[in-house]
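Got chain A; can you put chain B on it based on the hints?
Below are the chains, spelled out letter by letter.
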Amino acid sequence: MSKLTDQRSLITPYRRLEPGGQPPSLYEPYRSTTRRAPAKPLIFLPHTLSEVTGPIYGHGNIAETDNDLTRQHADEPRGERIIVTGRVLDTNGRPIPRTLVEIWQANSAGRYVHKKDQHPAPLDPNFTGAGRTLTDENGAYRFVTIKPGAYPWFNHYNAWRPAHIHFSIFGRAFITRLVTQMYFPGDPLFAFDPIFQSIPDEKARQRMVSKFDLETTQPQWALGYKFDIVLRGPEATPFEA
Amino acid sequence: MSLGPTPSQTVGPFFSFALTTESASVRCIAGPQAEGERVLLMCRVLDGDGAPVPDAMIEIWQADANGKYNHPDDGQSETVDSACAGFGRMGTADDGSCQFETIKPGRVPGPDKVLQAPHLSLAVFARGMLKQLYTRVYFSGDPANPEDPVLSLVPGDRRETLMAHPDPARPGTWRFDVHLQGEHETVFFDV
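As given, the protein sequences belong to chains A and B, one line each in that order. Take 1 as the starting number for the first sequence in this note's numbering and just add one per residue. Take 1001 as the starting number for the second sequence in this note's numbering and just add one per residue.
Looking at chain A on its own, in the form it has when it is part of the complex (with noise of 0.2 angstroms):
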């Protein structure tokens, strides 16, 4: 039988996303953006097999203490000790199992272990900053880390980034990758930052800030924060590739 005939070759295409919903290209209060987007439009790409497949990895190389930055050390990292916690979900609201996640973040004192991080504060001998895991059956991950410090950049006078962990998850297509940053509840410095504020809609704006969360947070122990990620889902009935 060839490809083009056979019936298992049918696709689900995937959601298009809203414009709103994410950020531009090109977003001139992040001044980098200015010679890193490009100037022309893109171009329509309808879903094949290329795009509604993606990498199966990261399965094979998980270390224990990989969710918890706390222990990755000798000792335990000075901090603010917290709970992350959440489920991976698509937009049809199914949960996404067995995909990887990571995380990296600045320590307590707003400082990465990054060679080319210049900020003056204190690097902390007990806190690398990297964690991954596996979501499980239900799309649930959680992680175990110290709360993140603010820090100044060179984007413009006086700017700092609100406190925030980077995550970077895969999901079941190549399409559905995502980067993003999660914040903290009731940050100061988000009215001032434009990365944050490169989302158009307000309330798309807001899914990246976690909510705190009192039944995660465990008892003269850590406070929790709940952080769900919604992924692209598929469109409701496949068609022929």
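Certain hints may be false.
[Claimed, not checked] These stretches of chain A come out as covered by chain B in the derived footprint (C-beta under 8 angstroms, 3 or more residues):
1) 37-48
2) 85-92
3) 211-220
Hints listed in this document are in silico derivations from the structure and should not be mistaken for laboratory results. Using N, Cα and C, we set each Cβ at its ideal position, and we do this for glycine too.
Coordinates of chain B only, in the frame set by chain A:
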């Protein structure tokens, strides 16, 4: 139920200690045992001034030599080549470059009952990019290119930006530059 998708945010300048460490990088998309023509793909990422982007990450996704993806949603009857995982991920060096070891993929079914020409899907992430950009890497001179249903959506004078070119001095080596902006701006796709 319909939920609003979580917005994208930039990968920022400091991702390398998490996403592109020695163990988190994937240089080998298809191992030496994989069926198909060996390809060493040398990529570069350049900004609107033509300057190298030293803090980008490239991810690649591709089919095996029979045009079959290593994924449950690829229902084609072939058995996937287990030596071709199909995924690569590398950070760029100071000169904006990174490389991948792989094979030339086979043809994959496309829209309108037309087989697509051999191609890799490529996503680029960087500081200064609020969301990733998607493009495709085709192989210059492949006889299937003129009938590829996706290339035919691209204006003729821009198709060249989607072509990897063989290095005449090094057989098996192909070069592909991603121009984020500027005169030679790469075609990016709205997926």
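Structure-based check of all given hints:
1. 37-48: holds (count 11)
2. 85-92: holds (count 4)
3. 211-220: violated (count 0)
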